[in-house]
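**Q** Residue numbers (the numbering used here), protein chains in the order written: chain A, 27 to 285; chain B, 3 to 328.
It is worth saying that the hints were derived from the structure and are not from the lab. Backbone N, C-alpha and C fix where the C-beta goes; we use that ideal spot for every residue, glycine too. It is possible that some hints are incorrect.
Unchecked claim - Distance windows between CB atoms, simulated:
#1 B:Thr171 - A:Gly139: 56 to 64 Å
#2 A:Leu38 - B:Leu321: 24 to 32 Å
#3 B:Ser21 - A:Gln99: 43 to 51 Å
#4 A:Arg80 - B:Leu262: 27 to 35 Å
#5 B:Leu321 - A:Thr165: 17 to 25 Å
#6 A:Val79 - B:Leu262: 33 to 41 Å
#7 B:Leu18 - A:Gly139: 49 to 57 Å
#8 A:Gly139 - B:Pro43: 32 to 40 Å
#9 B:Gly268 - A:Gln99: 53 to 61 Å
#10 A:Leu38 - B:Ser106: 49 to 57 Å
#11 B:Arg6 - A:Gly134: 53 to 61 Å
#12 B:Arg6 - A:Gly168: 53 to 61 Å
#13 A:Thr165 - B:Leu292: 37 to 45 Å
#14 B:Val197 - A:Gly139: 47 to 55 Å
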Amino acid sequence: MSRLLADRLTFLRGGRRLLDEVSATFGPGGLTGLIGPNGAGKTTLMRCLAGLVRPQQGQVRLDGRALADWPAQVRARQLAYLPQADTVHWRLSVADLVMLGRLPHRQGWNGPGPADRAAVEEALAATDCTGLAARAVDTLSGGERARVLLARALAGQPATLLADEPTAGLDPYHQLEVMERLRSLAQSGTTVLVVLHDLSAAVRFCDRLVLLDRGRVVAAGDPGEVTAAPNLRTVFRIEAARGQLPEGPYLLPRRRVLD
Amino acid sequence: MSDRALGAGLVLLLALLFSGSLLLGPATPALAFLQGLLADPDGPLRLILVEIRLPRALLGAMTGASLGLAGAALQGYLRNPLAEPGIVGVSASAAFGAVLAFYSGLATLLPLAMPVSGILGAMLGVLLVQALAGTATLGLILAGVAVSSFASALTSLALNLSPNPFAATEITFWLMGSLADRSFDHVWLALPFTVTGWLCLLTTGRALDALSLDEDAAASLGFDLARLRLVLLAGVALAVGAATAVTGVVGFVGLVVPHLLRPLVGHRPARLLPLSALGGACLMLASDLLVRLVTPGQELKLGVVTALIGTPFFFFLVLRAARTAP
Numbered sequence: 027m028s029r030l031l032a033d034r035l036t037f038l039r040g041g042r043r044l045l046d047e048v049s050a051t052f053g054p055g056g057l058t059g060l061i062g063p064n065g066a067g068k069t070t071l072m073r074c075l076a077g078l079v080r081p082q083q084g085q086v087r088l089d090g091r092a093l094a095d096w097p098a099q100v101r102a103r104q105l106a107y108l109p110q111a112d113t114v115h116w117r118l119s120v121a122d123l124v125m126l127g128r129l130p131h132r133q134g135w136n137g138p139g140p141a142d143r144a145a146v147e148e149a150l151a152a153t154d155c156t157g158l159a160a161r162a163v164d165t166l167s168g169g170e171r172a173r174v175l176l177a178r179a180l181a182g183q184p185a186t187l188l189a190d191e192p193t194a195g196l197d198p199y200h201q202l203e204v205m206e207r208l209r210s211l212a213q214s215g216t217t218v219l220v221v222l223h224d225l226s227a228a229v230r231f232c233d234r235l236v237l238l239d240r241g242r243v244v245a246a247g248d249p250g251e252v253t254a255a256p257n258l259r260t261v262f263r264i265e266a267a268r269g270q271l272p273e274g275p276y277l278l279p280r281r282r283v284l285d
Numbered sequence: 003m004s005d006r007a008l009g010a011g012l013v014l015l016l017a018l019l020f021s022g023s024l025l026l027g028p029a030t031p032a033l034a035f036l037q038g039l040l041a042d043p044d045g046p047l048r049l050i051l052v053e054i055r056l057p058r059a060l061l062g063a064m065t066g067a068s069l070g071l072a073g074a075a076l077q078g079y080l081r082n083p084l085a086e087p088g089i090v091g092v093s094a095s096a097a098f099g100a101v102l103a104f105y106s107g108l109a110t111l112l113p114l115a116m117p118v119s120g121i122l123g124a125m126l127g128v129l130l131v132q133a134l135a136g137t138a139t140l141g142l143i144l145a146g147v148a149v150s151s152f153a154s155a156l157t158s159l160a161l162n163l164s165p166n167p168f169a170a171t172e173i174t175f176w177l178m179g180s181l182a183d184r185s186f187d188h189v190w191l192a193l194p195f196t197v198t199g200w201l202c203l204l205t206t207g208r209a210l211d212a213l214s215l216d217e218d219a220a221a222s223l224g225f226d227l228a229r230l231r232l233v234l235l236a237g238v239a240l241a242v243g244a245a246t247a248v249t250g251v252v253g254f255v256g257l258v259v260p261h262l263l264r265p266l267v268g269h270r271p272a273r274l275l276p277l278s279a280l281g282g283a284c285l286m287l288a289s290d291l292l293v294r295l296v297t298p299g300q301e302l303k304l305g306v307v308t309a310l311i312g313t314p315f316f317f318f319l320v321l322r323a324a325r326t327a328p
């Protein structure tokens, strides 16, 4: 069980307020989605939550302890971050790439042990990548690559997973697969926060949404309420059709709202 | 090929080249040399072996290992297969330090002044690069180029103002890089810096592996990238600074070796480190043997040979990079 708390985070860069007193709590028991238009501060918030940048004001707490006070390696075992459009710089094999997720668990000069290998196999299976294990990363399609990178983040078996647009560039089949995987991960006790641009996926799969606009939290809570028509109009400047399928709710952007 | 087999193969090759370096020479064939040595263990051949060839082979192996290891570490850190020790300004500033000792006459008063001031030059160069570079790797490359150009300009200035043509010639020849006429003094002087540098560089393996992903992902895996850069640049300054200070500028070893070995270790940066050290030592000893055997009369400078081997290779890499660029 892991709880991540953002307490009045303010992040400035170049005189601009990328985050403005953002407070939110993320815990286990359901999938949390972070939504907002381009430039709303979603990635900045994720980077603050992952401890990669420090906000000028406010504090991030992981399990009650300020993130900055965690030893980096211990923190890395608890909290995994999957950056948006992560690049891979060498022609690693998929298995070696996913094994990078085990780095926080390894000590000394030893190579990976049986526990590491088991975790990698599990992560590959969970993302439908087992068959890719021996392939070189640069031979993968965009979708395969996104799944492999998710497997990398899962291989560390973190208590908290922060994923920045993990479904970008995936075909519908694998979008559904990744979202289902994230939701089942969340339901089994992992704290999962996912940045999504696809509002339909957000209302369909998330148990809770946080809506960010110009560095502020505009709404948080039930996906239906957060994506209510007034919010869509003022924040996203769209109108949407919505409905209910046996599998869950859906939301379809219909038209732009012209000022 | 498994990493272990590859490592064993490189150790074997290194042992062969090292023995070759001890036995082969312009004066007598290897077999005759060995026979003479066995017949009269305390004769003049022993002197040649111990006082001339052994320090030369040791220095070759040491500096080659430093260049290979530093090249692999820098390529891993900058995530760029074209990186090599020269790129962060180490070679040029070490060369300038050594030239300064020579030019000021300090080197004639105290033979060890040249290597010492070479190492100091490398340290200063890297400190300057650290101070200039921002947090991004591109900043590091630009700072390296700037410091390199500055150090080269100062070296040229020293040559320009040199009191007599002989001094200028001597400096120029020294800059070309060579293992000739080195003694155990050079080995002992370079050894502590070299080994400290190796230790720094060998500890960076895991962080370099993590950097196969982006910097954010590497940091989220628990690696302190600011500390990594400090350790890595210190390691490069120590190992390459010491190497340059005793052999002059020997380029391209740090570029070629990691590049050749990378596909054989599944492109993993950490695995590449120790193997590139071995490979660098092999390439250096092989080049030095070439220098000694091909043109025994007028010895080619080692740095010239490695540059002649290395530049076509560099052309090939640039061409390939240009073709695969998006």
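**Q** Take a look at whether the Cβ-Cβ distance between Val197 (chain B) and Gly139 (chain A) falls inside 47 to 55 Å.
**A** 30 Å, violated
**Q** Is the distance from the Cβ of Val79 (chain A) to the Cβ of Leu262 (chain B) consistent with 33 to 41 Å?
**A** For Leu262 (chain B) against Val79 (chain A), whose Cβ atoms are near 39 Å apart, the range 33 to 41 Å holds.
**Q** Take the C-beta atom of Gly139 (chain A) and the C-beta atom of Pro43 (chain B), compute their distance, and say whether it sits inside 32 to 40 Å.
**A** Violated, at about 51 Å.
**Q** Just to be sure I understand the hint, the distance between the Cβ atoms of Arg80 (chain A) and Leu262 (chain B) should be within 27 to 35 Å; is that true here?
**A** For Arg80 (chain A) and Leu262 (chain B) the Cβ distance comes to about 42 Å; the hint is violated.
**Q** Determine whether the Cβ-Cβ distance between Thr171 (chain B) and Gly139 (chain A) falls within the hinted range of 56 to 64 Å.
**A** Once the Cβ atoms are compared, 59 Å apart, the range 56 to 64 Å for Gly139 (chain A) and Thr171 (chain B) holds.
**Q** So the hint says 17 to 25 Å: do the beta-carbon atoms of Leu321 (chain B) and Thr165 (chain A) match that?
**A** With Cβ atoms ~22 Å apart, the hint holds.
**Q** Could you say whether the range 53 to 61 Å given as a hint is met by the Cβ separation of Arg6 (chain B) and Gly134 (chain A)?
**A** Given about 18 Å between the Cβ atoms, the range is violated.
**Q** Honestly, do Arg6 (chain B) and Gly168 (chain A) meet the 53 to 61 Å range at C-beta?
**A** Violated, at about 36 Å.
**Q** Could you check the hint for me, namely that Leu38 (chain A) and Ser106 (chain B) are 49 to 57 Å apart, CB to CB?
**A** At 50 Å between Cβs, range holds.
**Q** May I ask you to test the hint 49 to 57 Å on the CB atoms belonging to Leu18 (chain B) and Gly139 (chain A)?
**A** This hint is violated: roughly 36 Å between Cβ atoms.
**Q** Return holds or violated for the Cβ distance of Gly268 (chain B) and Gln99 (chain A) against the range 53 to 61 Å.
**A** 24 Å, violated
**Q** Kindly confirm whether 43 to 51 Å is satisfied by the beta carbon distance between Ser21 (chain B) and Gln99 (chain A).
**A** Holds - the Cβ-Cβ distance for Ser21 (chain B) and Gln99 (chain A), about 44 Å, lies within 43 to 51 Å.
The structure is inconsistent with the numbered hints 2, 4, 7, 8, 9, 11, 12 and 14, although it conforms to all the rest.
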